[in-house]
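Protein chains in written order, with the numbering used here: chain G, 6 to 514; chain H, 27 to 491.
Since the hints were derived computationally from the structure, they do not count as laboratory data.
Check the hints yourself; a few may be wrong.
[To be verified] Within a straight-line C-alpha distance of at most 25 Å, the following computed DMTMM-like cross-link-like pairs (lysine to aspartate or glutamate) qualify:
1. Lys84/G - Asp366/G
2. Lys408/G - Asp357/G
3. Lys84/G - Asp126/H
4. Lys84/G - Asp371/H
5. Lys233/G - Asp366/G
6. Lys266/H - Asp126/H
7. Lys84/G - Glu131/H
8. Lys408/G - Asp267/G
9. Lys84/G - Asp121/H
10. Lys84/G - Asp394/H
What follows is each chain in one-letter form.
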Amino acid sequence: MSQIRVIGGAAGCLALLSVVGACERQPRRLDSPPIRSSELLPGGRGSTSIRPTPNFTKPATDVPREALPDFYAGRALAKQPWVRAPATTTARDGLGPLYNARSCVTCHIKGGRGQVPQASGDPLVHGAMTLSVLSARLHVSEKSPAEMIPDPTYGFQLQTRSVALSHQFGVDRETPVLNASAKTPQQALPEKAPLPAEGALVVHYQRRPYRYPDGSELELREPRFEVKALGYGPMHTEVATSTREPPPMYGMGLMEGIAERDLDRHVDPEDRDGDGISGRRNRVRDRELGGTNPGRFGWKANQPSLKQQVAAALSGDLGIASAMFPEQPCTDRQPACLASPHGTDRSGYEIDANLLGLLVDFTRSLGVPKRRQASYPMVRQGRDAFYRARCQACHIPSYTTEKNEGTPHVSEQTIWPYTDLLLHDMGAVLADGRPEFDASGAEWRTPPLWGIGLSQAVNESSGFLHDGRARTVEEAIVWHGGEATQSRDAFAAMPADDRAALIAFVKSL
Amino acid sequence: MTIARPRRTTTRAATTQAAGIRAVMTPGATTRPKLPMTSLNTDSVSTVEALQTAIDDLVAAPSGDTLAAAREAWLVAREPYGQTEVYRFRASPIDDTNYDPSDGEDGPEGNINAWPLGEALIDYVVRGDDFGVDELDVSGQSVGLDDGSNIINSDLEIDVELLQNTATADDERDVIAGYHAIEFLLWGQDVNMNGSAGTPRDNTPGQRPFTDFVNGVGCTNGPNTADDATPCERRGEYLKVATEDLLTNLTTVRDAWAEGEPYRTAFTTVDTLEEAKDRLLEILTGMGTLSEGELAGERMQIALSANSQEDEHSCFSDNTHRDIFLNAEGVSNSYFGVYAGYDSDLDSTDDVSTRAVDGYGIDDYLEDIGQTSLATDVAAAFAATTADVTALDATVRGGTPIDVLITEPSGDAAEPMRDSIVSLNAQSALIARIATDLDIGDASDVVDPDASECDTTDPTTECGG
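All chains should be built: construct the whole structure from the sequences, respecting the hints.
This is the structure:
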């Protein structure tokens, strides 16, 4: 522990009593700013309890009681399965015909992350591969962002499932069933109008040893995603792919409440302050307001609003069409998909504006868990180390959200998400090589850190970073490159107990 | 990584409190440990065994009578099961096989009661502008997706593996198993009396004819020939297999709650006050989650919000009023530590009480620790819920099923639905208050013992040195 100064503090002294065994004077560290009481409530006044078991689908505790029925109605839409059309449950049908998941929480398990394949050769069941054709990408201009061009056959996303019976029961002769626990019936089905899944994704891990300056070692794994059994022929020769894990859903309403000016404050595309860190806003197509707006959500800040994020996921992941994304997940090279029954209801879409609104409000109202273990000496030591390594340069700790009279639980809240929601070049090793609007193939949006320590208590097979490659917080830190190289190196150069403390701090957030 | 954690002390008062909480978990503990859940599971299994017999009879000799008997057996089987759902949402055996949700909730629930059903995957469904104007353009699109179209029409072998390969499969396929799959095969889609779409709703449930199960000549909704293995025969097979699978899953749940089984032992072994609080919080979480989130929200409010008539739990049989009533009864059971039995003749009175339980409930515990006014408030909230779900039940028994009541979500007819939602939510708030007042809920998060030095009401305060 370096640079400590001792000041008085009776309350803290008592709390430490049982740990250190004697009442010493409370140390005050100079490496980090004073601890604010609000740090214990990262999601503001409505921060949630983790008892009896951690779960990220709880409403913030300050959601008004009268809003809770709608919250739970929205949760039904996120949790209960969407079904193949036509069905008696007309409001809930229209899955696919090509899709990745039949509900939001299939992949965002309990509102958190998905399962990451554990070993080479395992299928990716909870992530998705996004696609776009690079050569056809329009030129970036001052006025408009680069347009995204889909693969002519597969669109913007590889849908690995189909509502066709042949896929549902694994009798596709082309598509292998990648569900190890499932029996594969071998009977043939009549194939009058085959509607195969678009393909299957299998991971291959390559070991990447990492050595700390002190000689201790860490084994990393780098994933490569193999597309198998393409259902509709080859992809475009210049297609770029990017495979992404489902990120957590909670806290998005609060991140939506951060003022534009508070995000713009940290923008530094030319690195004028010379700290080695740029920070850019993505500029993306806004389907609601029209034109171009700054991106805020998604791995590359590729969605401008929470509503568009939700509608895009419904469309791309579930195949549920809305006014914002009215198209079916079919291209004109997939006629059986286009001709399949859809769940279009009287709104003209598969989910109407009212239900989409419920789903968006549900997402907006998901609470962020309270801090754990904030007062433990090790966590406080880690807090110093976190600031000393300048992690906070991108993982901006705190904001106060804007006033929002209609939605008090996201209004004027002091929150601690630890993100700037900006794009940063994270280096060649993490690059996906797939630009998205103004984001380059090496840039990623800083993800929030709140609740990260609970990820594996909610779902033990979840991972970190865009493709889930990091099995632990430590691995995730070590993978940082590009603009984060200095911070990563500062972490790596720390004594082992400071590294462990920093990790404990991050996991306490 | 192990992080040193301040030690806790256990006082005599705490030990007494733990004993009280332990008593709540084992109603009837003074005689012999007996959980309402044990009785309920046993009754769930036995009523599905009776359903299995009725389905065997239907398949062996399809007729109006055998179909009616099978439908009645299904309705009776829902009576105990609906009361068991309060024991969910807390990593208990139906949701999780090892009492540890972090490694995935791998219990059989998804194959028991999952909903909405993937009915188009199972058997024929109405195509056309089905359900009035709710769904458009289906007839124009019906040419696609005919790779066998549905399970009944395919050559897939119908066996237990086929069903288990669905709700709980890694890639989350459509729901094709459980009570509601059986319901669909017994009733069919609830369109109209004449089986057509596009005309105004009536008060009848699904109208599947018994001839859908007639093997060979006379088979409806399939080739009317003397061939073997017609769709009609396959429907019978599907019914039998789905019932067998349901029985297996319910038996698994029942057995996991039996004395000496790991879950039962772990759940009822309480050595410290902290453990006691955790267990009581699990019980309250099941009660609160079912009342507010699952029942009032995800099963009732959504039906009003979606403005979609069949957005109801038992949409084929029009039995949703019982689902609501029985879930509410279950929450009440859990609070009072009782189980009165189930209704075997569908007149809304619990008449099979051979395994009834009347134990030490949370109400008794609140009285014993002097929380009399809280106990009074909670009892009043439960009474209000009971009155509202009873009124809803009576309205439906009067001839108007829930799908018709909710046709106008804000209209007069839907009032019993809305009232029930309000009272269930109020009840949930009281359940949360039990946790708060007993210092076992939110307020007592034990995760940060040092939090008291921080004044979290003022976010600008510095604290913690």
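These are the hints, each one checked on the structure:
no. : hint                : in the structure
1   : Lys84/G - Asp366/G  : 14 Å, holds
2   : Lys408/G - Asp357/G : 28 Å, violated
3   : Lys84/G - Asp126/H  : 20 Å, holds
4   : Lys84/G - Asp371/H  : 34 Å, violated
5   : Lys233/G - Asp366/G : 37 Å, violated
6   : Lys266/H - Asp126/H : 33 Å, violated
7   : Lys84/G - Glu131/H  : 14 Å, holds
8   : Lys408/G - Asp267/G : 14 Å, holds
9   : Lys84/G - Asp121/H  : 15 Å, holds
10  : Lys84/G - Asp394/H  : 40 Å, violated
Of the numbered hints given earlier, the model fails hints 2, 4, 5, 6 and 10; all others are met.
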